[in-house]
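Student: From just these sequences and the hints, can you work out the full model?
4 protein chains.
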Amino acid sequence: MNASTPATASNATLAGSAEITGHPMVLSLSCKNSRGIVHAVSGALLSVQGDITDSKQFDSPDTGTFFMRVEFTTPESREAVEAALEPVREEFAMDLGLWEASRKTRTLVMCSKDGRTLNDLLFQQRAGTLSVEIPVIVSNHLELQPMAFFYGIPFIHIPVAKDAEGNSNKAEAEAKLLDLVAEYDIELVVLARYMQILSDDLCRKLEGKAINIHHSFLPSFKGARPYHQAHERGVKLIGATAHYVTADLDEGPIIEQQVQRVTHAQSAREFVIRGREVEGSTLSRAVKWHAEHRVLLDGKRTVVFD
Amino acid sequence: MNASTPATASNATLAGSAEITGHPMVLSLSCKNSRGIVHAVSGALLSVQGDITDSKQFDSPDTGTFFMRVEFTTPESREAVEAALEPVREEFAMDLGLWEASRKTRTLVMCSKDGRTLNDLLFQQRAGTLSVEIPVIVSNHLELQPMAFFYGIPFIHIPVAKDAEGNSNKAEAEAKLLDLVAEYDIELVVLARYMQILSDDLCRKLEGKAINIHHSFLPSFKGARPYHQAHERGVKLIGATAHYVTADLDEGPIIEQQVQRVTHAQSAREFVIRGREVEGSTLSRAVKWHAEHRVLLDGKRTVVFD
Amino acid sequence: MNASTPATASNATLAGSAEITGHPMVLSLSCKNSRGIVHAVSGALLSVQGDITDSKQFDSPDTGTFFMRVEFTTPESREAVEAALEPVREEFAMDLGLWEASRKTRTLVMCSKDGRTLNDLLFQQRAGTLSVEIPVIVSNHLELQPMAFFYGIPFIHIPVAKDAEGNSNKAEAEAKLLDLVAEYDIELVVLARYMQILSDDLCRKLEGKAINIHHSFLPSFKGARPYHQAHERGVKLIGATAHYVTADLDEGPIIEQQVQRVTHAQSAREFVIRGREVEGSTLSRAVKWHAEHRVLLDGKRTVVFD
Amino acid sequence: MNASTPATASNATLAGSAEITGHPMVLSLSCKNSRGIVHAVSGALLSVQGDITDSKQFDSPDTGTFFMRVEFTTPESREAVEAALEPVREEFAMDLGLWEASRKTRTLVMCSKDGRTLNDLLFQQRAGTLSVEIPVIVSNHLELQPMAFFYGIPFIHIPVAKDAEGNSNKAEAEAKLLDLVAEYDIELVVLARYMQILSDDLCRKLEGKAINIHHSFLPSFKGARPYHQAHERGVKLIGATAHYVTADLDEGPIIEQQVQRVTHAQSAREFVIRGREVEGSTLSRAVKWHAEHRVLLDGKRTVVFD
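Chains as they are written, first to last, in full-length UniProt numbering: chain W, 1 to 306; chain L, 1 to 306; chain H, 1 to 306; chain F, 1 to 306.
Treat each hint with caution, since some may be false.
Copies of one chain are not kept apart here, so a pair can be met inside one copy or by any two copies together.
[Unchecked claim] Here are the simulated EDC-like cross-link-like pairs (lysine to aspartate or glutamate), alpha carbons at most 20 Å apart as the crow flies:
1. K205 with D179
2. K300 with E183
3. K32 with D54
4. K104 with E270
5. K300 with E232
These are computed hints drawn from the structure, not numbers from a lab.
It should be emphasised that the depicted structure is a prediction, and the values quoted were computed from it without experimental measurement.
Tutor: And the structure:
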């Protein structure tokens, strides 16, 4: 949800004085930890009649970095708020993001043949329970095109293949993808079981802007057929991991992990089926948090203000 | 753990300038929501060279109440910090609590015959994973006295019974308990499966200072033999609820709930055994949060800043 | 999954001798507990060269009823197996069911306006991860018709309303439903958030053949707006319950229950959103078990051989 | 629990005819899968008036092995039952175990300095919720001796150290352990965070008779300081794995796994604390299942009939 909704509601209950009839915004920032940050930020917000409805902070002992996410309402314009924060941003050399809370994250979804996770994402974005808009879907296969049609979203087929000489068209395919990212003003790329490995170059270009669902419980069982590896190993829990894409395959910062119980009586195929379930909800959760600007990067780890 | 530990560590990593070698403190407050609270609080902390290491807020849409918990380090004394906060407390008419983070909550544990939850609590407090000290244990039975001895904690037997005329000594028993609360400067009373129902009067006197573990999943299956009720109903999950004690039996604000999976193949007795497990960890979790000043009251609900 | 798949596979690995190239079947039975049942059943199966691949039993201490589910492969026809079992069925006065494991349960889904759980069911039945076929969908509203079209399933609109005189057409609506149940040879009716209360008469007619998802954690928070009740109560876990429909509203035998963690920071609306998630997977799980003949009735409880 | 309890109860409810007033026994077996096994076993039990109260089977597709566990009551002696089963055992070349259900597994617990898991085990065995008796505790340190005294269990200190020349006394230490295993008729050795690595030779001698708790989520984060590895990796779930000891360190067959949620805000130390919790309940669960003869080996995997 957009957490500022209830806050607005609450303020309304407080005999809504004029200034509280503002619009909800989200601020997230990180900088080297030092004293006075909170005071400076809250002061800047106060200067634009900002009413803080939710705020979370974390001071990372490992990196000495300070993280903060603030939801607030203000009658002032986005520009005015930005201007008020600028001196603070400068003083503390902050990485700072500022968004209208109601604004949805423009998201490109990449998929292949398995529709389970795509289906979860599309249903939720249409139901309005996921703060994303999905202007375009990309796939290297055609199987899921009807689902895209059903949800009224353009589906672009970018096949990846090798020719007779064994030369892959991967480079062109990735170039096309980047064109789409630019053309559609994409802020987030979600790999909903897109089974191709992205080039290091593409991973770098999408750093912090692409989320992958790993169909197993990282850091174990990396690579191919993890459920079959897990089944062979006789694990009693299987899981899924949603993480940011990095050049280092399957080593990106983890956003969310979930597990499901399994038993000896279930086949590897059943592991896969149960795995799909948990993959879908794990990826949706991660996309939701990212789209609500709740995920910040702390070195190789994530700070999740859920 | 005491969450300010890592923060201190982190500060240490920040090339510890003199003022950061302070002592960790915890501040929690609630007041009617309005603008400028965060700025005022952070300003007061800044004035005592407070370095905020963790801070969480919540603005309750249902009650219009603002809640805040701050961990910070300061080189100043507790008194100095209190003085710096006083004008803020007054301006916003705050309920405000201020503690040394390292200070343990003085806790009196009441038990009866079943030692599982008592055992969990005593082990953890001795292991130092629970920020409580337990100066005295009270029971209406003698079964658990050896455990108290093992942990070197005074065990006081306050039997509750009816005499020949059917007059109960409950009133005197509760009076004795209150004497102990006063004598030992008790800040928290934990009912670790103390099977007696407290009088409304005692509940009121301990309001917000007594935690009970309900051996079932509130609000269902209240009252006697809940696991047997649950077994009869054929539930697939059983749970436990840790809540503050109120005059309204089993209706106190919920602090923590946990569940465990059960099947048709398990007897009511097995439900009880599995229930004990989840009771122990649920109560320990609730006591831990309370002792770290993470639990605030929002009407009939709790705000848990974990 | 159809648990006999791996078994067949395994048998294949055992240098498939002729008799093992049979077809997988499922047998489920219950009767008053007495000695010799297992021997009699296994003897009957042996007489049709049945190869038991999975078998589970339960002897209910509460009702004195014996329950058994057997998966086996046989080269003989369904009729031959039935004939072989007939004397056993008679001797022990068994309730007995016998199915081809590959046969899908003919299921009618009823829905209203919220598509989340319907979407889960339809996707899974098409993906083949749910052993049901859905020949028809019934709704008292039109919102979900496009989804039915997408999955290529007939959608029948049976509005339920009151006329000017306040007379409801509920009786006719339920009559129509029963006609459809007959017309389409329906074995299972799934109420995927169909928000109408069925008449006692209909409930009785569908006894053991209709599954409902209760959008909360039975037995607590029955009736209307349970998530809002839960939110008001400040619970830390919300859940969903899939149960058989009985005349006694929300009191039917429980098949499956699942929970999700919530916090003070989430609004009642967010409770609903998270609730939908858990409802979908809880209902799918219950339908899957029922369709695989894993659920037997033990008085007001269920025996689930998962 | 001892699953035969409810069964007996149930039989009692069945107007206990003479033959049912027997004693509960547990039979577990495995053999190459073929037809007629169930019929043969049930026939043998019938011949000793065995009343089957619970029975579970599994036919492993991966190894072609058939597994079965039966709980039954019989008026006949253990010897009589064994004799009745002998021909069946021979015919199918079965690995077969037969126990009085009420008989507790003689267990030796090894520990080091951390008492959390030991405390769980000792409390539960005394509470009677774990079907084990613990005649002796072994440790390479003295820290936990008081706990052993409290529970009235002999505590034997077998230090493991290197002398001035760097020669370890490990060989003698392990020899002493094996002497104790023989002296006390030990059937199960539980490594309750015994931090020494056992020699391959000892592992082989204890194969299938020793359970270890791995303080992390296998197969990831093997070896030293797994929680710190996990913290560094930024995982969102930590877990514990209880497995049989094999020469291949941390690669033994997995019996049980459990997880706990963690966040960025928790330090590695807090990971350890939460980890201890889940370790304790994971190990107890595994020991409980083993002691109730619910765990069978299927190659490198376990079949758990819980």
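Student: Does each hint hold? Answer for all of them.
Tutor: Results of checking the hints against the structure:
1. K205 with D179: Within one copy only: 12 Å inside, 60 Å across.
2. K300 with E183: neither (30 Å within a copy, 51 Å between copies)
3. K32 with D54: This pair counts as between: shortest inter-copy Cα distance 14 Å, intra-copy 22 Å.
4. K104 with E270: Between copies only: 17 Å across chains, 36 Å inside a chain, cut-off 20 Å.
5. K300 with E232: between (30 Å within a copy, 8 Å between copies)
Of the numbered hints stated above, the single one contradicted by the structure is hint 2.
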